[in-house]
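K.L.:
Residue numbers (our numbering), protein chains in the order written: chain A, 1 to 303; chain B, 1 to 102.
All the pointers check out, no bait thrown in.
In silico DSSO-like links for lysine-lysine, alpha-carbon gap of 30 Å or less:
#: 1; chain 1: B; residue 1: 56; chain 2: A; residue 2: 33
#: 2; chain 1: A; residue 1: 294; chain 2: A; residue 2: 197
#: 3; chain 1: B; residue 1: 30; chain 2: A; residue 2: 2
#: 4; chain 1: A; residue 1: 33; chain 2: B; residue 2: 18
#: 5; chain 1: A; residue 1: 191; chain 2: B; residue 2: 90
#: 6; chain 1: A; residue 1: 33; chain 2: B; residue 2: 65
#: 7; chain 1: A; residue 1: 2; chain 2: B; residue 2: 56
#: 8; chain 1: A; residue 1: 33; chain 2: B; residue 2: 16
#: 9; chain 1: A; residue 1: 253; chain 2: A; residue 2: 143
#: 10; chain 1: A; residue 1: 33; chain 2: B; residue 2: 90
#: 11; chain 1: A; residue 1: 253; chain 2: B; residue 2: 90
#: 12; chain 1: A; residue 1: 160; chain 2: A; residue 2: 284
#: 13; chain 1: A; residue 1: 33; chain 2: B; residue 2: 66
#: 14; chain 1: A; residue 1: 164; chain 2: A; residue 2: 33
#: 15; chain 1: B; residue 1: 66; chain 2: A; residue 2: 2
#: 16; chain 1: A; residue 1: 164; chain 2: A; residue 2: 292
#: 17; chain 1: B; residue 1: 16; chain 2: A; residue 2: 2
#: 18; chain 1: A; residue 1: 162; chain 2: A; residue 2: 143
#: 19; chain 1: A; residue 1: 37; chain 2: A; residue 2: 195
#: 20; chain 1: A; residue 1: 284; chain 2: A; residue 2: 258
Label-pair ranges, simulated between beta-carbon atoms:
#: 21; chain 1: B; residue 1: 22; chain 2: A; residue 2: 136; range: 21 to 29 Å
#: 22; chain 1: B; residue 1: 73; chain 2: A; residue 2: 299; range: 46 to 54 Å
#: 23; chain 1: B; residue 1: 22; chain 2: A; residue 2: 56; range: 16 to 24 Å
#: 24; chain 1: B; residue 1: 54; chain 2: A; residue 2: 200; range: 41 to 49 Å
#: 25; chain 1: B; residue 1: 100; chain 2: A; residue 2: 293; range: 47 to 55 Å
#: 26; chain 1: A; residue 1: 195; chain 2: B; residue 2: 54; range: 28 to 36 Å
#: 27; chain 1: B; residue 1: 73; chain 2: A; residue 2: 269; range: 35 to 43 Å
#: 28; chain 1: A; residue 1: 134; chain 2: B; residue 2: 99; range: 29 to 37 Å
Rather than coming from a laboratory, the hints here were simulated on the basis of the structure. From the three backbone atoms N, C-alpha and C, an ideal C-beta is built for every residue, glycine too.
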Amino acid sequence: MKNLTIPEEELMLPGHTACLGCGATLAMRYALKALGKNTIVTIPACCWAVIPGVYPARTLEVPLLYTAFEVTGAAISGIKNALEATGNDDINVLGFAGDGGTADIGIQSLSGAVERGENVFYIMYDNEAYMNTGVQRSSSTPKGAWTTTTQVGKVRDWKKEKKKNMVEIMVAHNIPYAATASIAFPEDLIKKLEKGKNIKGPKFYHIYATCPTGWRISPSKTVEIARLAVESKVFPLYEVDHGVYNITYMPKKNVSVKEYMLPQGRFRHLTEDEIKEIQSEVDKDWNLLLEKEKWTQSLNKVQ
Amino acid sequence: MNDDFPTPITTEPSTKNKTGTWRTFRPVIKYENCIRCMICWKFCPEPAIIIVDSNKYVAKNDAIKKLDAPEINYDFCKGCGICANECPTKAIDMVFEESLEE
Ligand SMILES: Cc1ncc(C[n+]2csc(CCOP(=O)(O)OP(=O)(O)O)c2C)c(N)n1
Ligand code: SF4
Ligand code: SF4
Ligand code: SF4
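If we strip away everything but chain A, and leave its shape as in the complex, we get (with noise of 0.2 Å):
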């Protein structure tokens, strides 16, 4: 008798060569659990694109097509249109891009596929920064990280910017599925995935990965600091159906932002000040998404 809170198959052979306990072929391992077999899959240039090994080693058992960094929405779409037109109207189109190569350099072409409303899933698997060339910021690096491009040190030039919202980003696009997940909470992640399999159109998923390489933390801690971000509200996880906000788990802990980022050796530098300001940004936020879960869950009772 089999104790498994999620699908068993496995669709990622280990040999793989991801850092010990990356967070991003977590994701991939879930995303396909819920997906199945009968699934294409897209990568840019990024971490994943060099996780499967050297020619001509597979690390997936479904086919995988590689493209270029800034092309993954049109790639996908192209792949989903020409199924449909060969009668192929069955099978899986998915995206599974960097935060680099979905939040900066793939943006256009995403925004294309979604506006363009393809059938395709999109992942963004996000370890918050450019890992795969050697950590550098990109437009969803928090506030107040630690990467090459954005320094500690005397010049104290660690990330001033927020993090670009994704979904928020797509929510505009009237997008008609998009959530966030996290691998600490596979069994969510998964039951998100699965839903995009009944919604037609371009479904978006912003998933936490963490990347001990990057972040300057134990491969072993990739899944506790992965659900301390949750519970501290850094990182909420919660989806938006066609316009409607549901938050899918509400911390229980009362995590603080410091509790989140003191073991983080990307964030050491920060000031009892530095850190407060965040807390405050946090809070917002956070606010701010039960507003809107309550606003649109009202509205959609009106209809």
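Could you slot chain B with the ligands onto chain A? The hints should help.
P.N.:
Chain B with the ligands alone, transformed into the frame defined by chain A:
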């Protein structure tokens, strides 16, 4: 398709690559403490934990003895320690590899 420029296709499964050689610390399950919750299996990023028949290991108690058990595949385990960190009963020890070699 143009034969002068064949599309490169990856064919070899990555399981040929035994990433267990990367390991510095070895996770060792103390089955007498294991409640077979499979949380370690769920969070392994390789994945290097497999599900084996309930009878393969002695169960902690009768209540769980019909549940299938976790087993670590050391061919692929990189020794990240997530399983040990997440295990609710602290049933996994991380042991320095060099201390195991004779
Ligand atoms: C057009 C282009 N510019 C730059 C690169 C070099 N490059 C390869 S991967 C990468 C970083 C990718 O970062 P991200 O999308 O965040 O994924 P991660 O590596 O963090 O998983 C860069 C800059 C490239 N391959 N193509
Ligand atoms: S750098 Fe980070 S995201 Fe990339 S493979 Fe290593 S742990 Fe994973
Ligand atoms: S997490 Fe711990 S108790 Fe649960 S199955 Fe694994 S070793 Fe056993
Ligand atoms: S140490 Fe890491 S790689 Fe090894 S079995 Fe545990 S979770 Fe998997």
